[in-house]
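Student: Here are the chains, one letter per residue:
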Amino acid sequence: MVQKLESYRESPSQTAGPYVHIGCTPNFSGITGVYPEDLGTTMITGDVSGQRITIKGTVYDGAGTALRDALIEVWQADANSKFAGKGGDTGFTGWGRSAGDMATGEFTFETVKPGRVAWPDGRLQAPHVTFWIVARGINLGLHTRMYFADEAPANAEDPILTRLEHSQRIPTLLAQSEADGTYRFDIHLQGAQETIFFDI
Amino acid sequence: MTGFIPRDRRWHPPALTPDYKTSVKRSPSFAPLSFPTSLPEETGPMFRDDMLGPNDSDLIHNFAKAGESAVGPRIIVHGRVIDEFGRPVPNTLVEVWQANAGGRYRHKKESYLAPLDPNFGGCGRVVTDDHGYYEFRTIQPGPYPWPNTMNDWRPAHIHFSVFGHSFAQRLITQMYFEGDPLIWKCPIVDTIPTREGIESLVAALDMSRAIPMDSLAYKFDIVLRGRRQTHFENRPEGL
Ligand SMILES: [Fe+3]
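Residue numbers (the UniProt record's numbering), protein chains in the order written: chain A, 1 to 200; chain B, 1 to 239.
There could be a bad hint or two in this list.
Okay, the calculated beta carbon distance ranges per label pair [to be verified]:
#, chain 1, residue 1, chain 2, residue 2, range
1, A, 30, B, 185, 45 to 55 Å
2, B, 207, A, 181, 20 to 30 Å
3, B, 18, A, 193, 48 to 58 Å
4, A, 120, B, 8, 20 to 30 Å
5, B, 213, A, 45, 43 to 53 Å
To be clear about the criterion: a stretch of chain A counts as covered by chain B if any three or more of its residues have a C-beta under 8 Å from a C-beta of chain B, and this derived list gives those stretches [said to hold, decoys possible]:
#, region
6, 21-34
7, 41-47
8, 77-84
None of these hints come from the bench; they were simulated from the model. All figures in this text were calculated on a predicted structure; none of them were measured in a lab. From the three backbone atoms N, C-alpha and C, an ideal C-beta is built for every residue, glycine too.
Please put together the full structure from these sequences, using the hints given.
Tutor: Written as structure tokens, this is what we have:
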């Protein structure tokens, strides 16, 4: 016999199910009067430095159908590479949550372009936004990262992008800028364009 | 070096679980890419309890008309949020949602014929205290049928969303109730590979915390990923 370890196992994940919006964005789902507003609706709450951007995208299943029951969260550094609560811009939460458009499922985040954050060995990561996707049929929330197609020099030295085994899949992580300054980042759960998801 | 204990993907449900049909077209087919965490994963949004309204953790009353309350067996759900080392996770947001006592959700896509309760919304939230404890009051949700095979029923359950202190700890799960025979017949519960894992999501009836002539109580602890902390870990050059 040996001494017992003082460790516990993580609670197993269960799908967010079809009614995740009741719990996380009740006003969006029509349950009003309980919370004044849905959390994560506004990322910019005051003065911020850096370039203001809009991120839009859609989550698609393996049949090419847009998910209209997903919940998407983002977490990112501010323009000066700092995170909220760790010296970041006081007018910027760094965290957003979107239920997607009721009819199309398209998510939208009004945010700022993030700065570069250090990797543990000191190298700089390319600017990116961390995504987390849950929905009916997704048993464990999916983590991925959105990088910017117009940051090619930074992307070329990013510690993660440069290490990918299937480099032809890198475009699945790149948001493309559109004429009006919007960045489009579609997420494919499955299929030929399957997004790279991360086990962090 | 910090960083988190890696997620044990043999303990969590796999992405593809064909008996839960919706997973078939929503499960990535490539293996997820593993890499060490850095600041973006080791930080996360923080919420303070002064952000909450006084009724946010009282689902019996937070949607009810003045002087009225939701129908159903009144229960208190309480527990601790801890990490894999047993350390409390204080000041973290816990969001919950559930069906009413008849098993019906307040949602436009809901198709079960059980009636809506005009005094029940179905959402609540609470921030853990300095020792990781949380508590909320609600009614016991009913089981409900759902479209999968022609006769699948969910056991009574409450959905939980928990943040922890880092985006790497983000978790959504469900709490089940001790003694419910439907737990062992549900394809969604059954996505969890082990009986031990399933049982870790079953809340215990807790008579010590019941309020006589008022509410029964259930205890439900939640474990988030643990953050490694040691002074003696070297990082290989160039990683
Ligand atoms: Fe449910």
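Student: Does the structure break any of the earlier hints, and which numbers would those be?
Tutor: Violated: hints 1, 2, 3 and 7.
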